[in-house]
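Novice: As a plain string of letters, each chain reads:
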Amino acid sequence: MSLLSVRDLTVTYDTQRGPVRAVDGLDLDVPAGSITGLVGESGCGKSTLGRALMGVLPDRGKIAAGEVIFEGQDLQTFSASARRALRWRRMAFIPQTAMNALDPVQRLSAQMAEILIERGGLSGREATARSSELFRLVGLDPARLAAYPHHFSGGMRQRASIALALALNPSLVIADEPVTALDVIVQRQVLDVLRELQARLQLSMILVTHDMAVVAYACDRVAVMYAGQIVEAGLAAEVLERPLHPYTMGLTHAFPDVHDSQMSLVPIEGSPPDLHTPPPGCRFAARCPFADARCNNEPPPSRPFGPDHLVACWHAEDATTLRGRAADPQTWAAIA
Amino acid sequence: MTALLQAEGLQKTFHSRGREVHAVQNVSLSVSPGEALGIVGESGCGKTTTARMLLRLEEPSAGRIMFDGADITNAHGRHLIAYRARAQLVFQNPFDALNPRFTIRRSLTEPLRNFAIPVSEHQDRIESVMRRVRLVPAESWLDRRPHELSGGQLQRVVLARALISGPSLIVADEPVSMLDVSVRAGILNVLRDARDSLGLAALYISHDLALIRYVCEQTIVMYLGRIVEQGPTAELISRPAHPYTRALVAAVPVARVEQNREGLPIRGSLSDAPPDPSGCLFRNRCPSVMPRCATEAPTLRTIAPGRMVACHLEGAM
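Here the protein sequences line up with chains A and B, keeping their order.
Each residue of the first sequence is one higher than the last, beginning at 1 in the working numbering.
Each residue of the second sequence is one higher than the last, beginning at 337 in the working numbering.
This is chain A alone, in the form it adopts within the complex:
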């Protein structure tokens, strides 16, 4: 059974041009004990989804429809205070910039203690012991608990914000671009910390990222998001090796591989639709080299292909052929 199951979720934002559906009728399942990569580009709604799941949307955003079932309970029926009680204890959040998670004028020990004592009900002595344990867990020297965040490098700060997120043993951790701002060696080290903790503590994690290589490295599952919807989801090995959606196919050719100098990169021409006025059919149709009349008029439903692979594309039956064509830059150039 899924730890988290999202059904038909719609999140709207009030804007000057009227309400916009940043997340629109989205389904997502996160099994227990997995790392799910949520991939997409800026504006696709992936961060909004993460915040909606955590119950920390900004004031102008709200869940307009749908269900979020977490550990068997519909979070939409929870009061604000019941919702707050879940945060940190059952689900925790790691933001992109660790500085946003950390208070710059408090020592790390005080920030840990605040969560452990006020949220977790630990005694002062227990909190001190637990803080040291958490620092060791993420590869930081417990002696550094007395430091302020600005004494830490970017990687150390991100480790500290992971330690904070894990303080009360949550079952789900949502990490929003946790390694994007980090240098490549530090990025790898932080990803390794996340992978190791997931395995050791049997956590579930949603790792929000724009980087397919990060998904391939760290995630066992992946959900690809485009214009407020999941277009493809399943086991990472399946989705990355045999993508069924043309957008996923495009992404796999869109950036360079350090071990391959021969490949020529294929840009996905055009831009995502304006979500104030989404197109009637498939949202990717305007950028898709394989779109036909039906794609432009009818939104494709999400369909299973194989035991653990979902895709929302009218042409998924032809994916094998399309994958070959998607590797050719000429195919995509025709869209420009």
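Keep in mind the hints are simulated off the structure, nothing from the lab.
Bear in mind the structure is a predicted one, so any value in this text is a computation, not a measurement.
Certain hints may be false.
What the hints assert, rightly or not - The calculated label-pair distances, taken between Cβ atoms and stated as ranges, are: (1) B:Pro601 to A:Arg119: 33 to 41 Å; (2) A:Pro19 to B:Glu484: 19 to 27 Å; (3) A:Arg7 to B:Ala570: 46 to 54 Å.
Stated by the list, open to error - Partial pick of chain A residues on the chain B-facing surface, computed with a CB cut under 10 Å: (4) Ala216; (5) Leu251; (6) His253; (7) Ile268.
Glycine is no exception: its CB is placed at the ideal position from the N, C-alpha and C atoms.
Following the hints, position chain B against chain A.
Specialist: For chain B alone, coordinates are given in the frame of chain A:
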């Protein structure tokens, strides 16, 4: 081929709270026409400071910069303007590289005026550069303002502005890091094509070795202000000689599920620079450190044609 841009012994020392910070130490490099050189390294390695010195946006503390046979280290006045017309910077962040109140046409006309290009040539130059960055037909873009364009389109305008003065050298500092993945390839392809068809020399600064591999034949790896390795990109990646390069290559994730997930051959973090700068600056993090590394700074030595490494390891290959 004679180098278009050549730097010898570049140094940059900043003074911070009474301490000297050696941001760049003894960097020498050269770029020939039609060649692309990449400088790769992590934050604080000195790659951006090096690029800024080469463009004369930062005064070197020591060293010499030659461009097309002339010493431009201390060029000023019209000599500096002439250099600027021929060596153009592509900005990292397209969202604040353009004046938001200017139309695209005006943003492209500014450099033509600055470099005193005759007005009769403006329209032709603008149209041809817009074709080159694939914003066509030009007329449908030129009267728009930056807020009407996406990030990828803006970066194409930024490229157009860099190319419009007809430079011989393009310096691009993280040219796609602010852009969405799906449009990065378009920008990199425009840069590659411009180099191939115009015979431009290019210098790319990036932390991303995969990007450098895509656009550069030659690569320099910097660590804490010094060059630790340089050579043809493909060889440097397939057979890294310096222990730092090895770690850097191993750390780059690839978009395949099957990949190396072994621990990196590196210890500590960037902040673990040795307090005493007399030896190798990488020694505190190096898995192959030897006693000699603490006392003697390794100098760049040739290990194969075109390949250099600054490391005492005999088998650094």
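Novice: Against each hint, give a clear statement of whether it holds in the structure.
Specialist: Evaluation of the provided hints:
For B:Pro601 and A:Arg119, the hinted distance range of 33 to 41 Å is satisfied, since their beta carbons lie about 40 Å from each other. For the pair A:Pro19 and B:Glu484, the beta carbons lie near 23 Å from each other, so the given range of 19 to 27 Å is met. Evaluation of the 46 to 54 Å hint for A:Arg7 and B:Ala570 yields a pass: the beta carbon distance comes to about 49 Å. Because the beta carbon of A:Ala216 sits about 5 Å from the nearest beta carbon in chain B, less than 10 Å, this interface hint is met.
This hint holds: A:Leu251 has a C-beta 6 Å from the nearest C-beta of chain B, less than the 10 Å allowed. The beta carbon of A:His253 is positioned within 10 Å of a beta carbon in chain B (closest approach about 8 Å), and the interface hint is therefore held. The restraint placing A:Ile268 at the interface with chain B holds, with a minimum CB-CB distance near 4 Å, inside the 10 Å limit.
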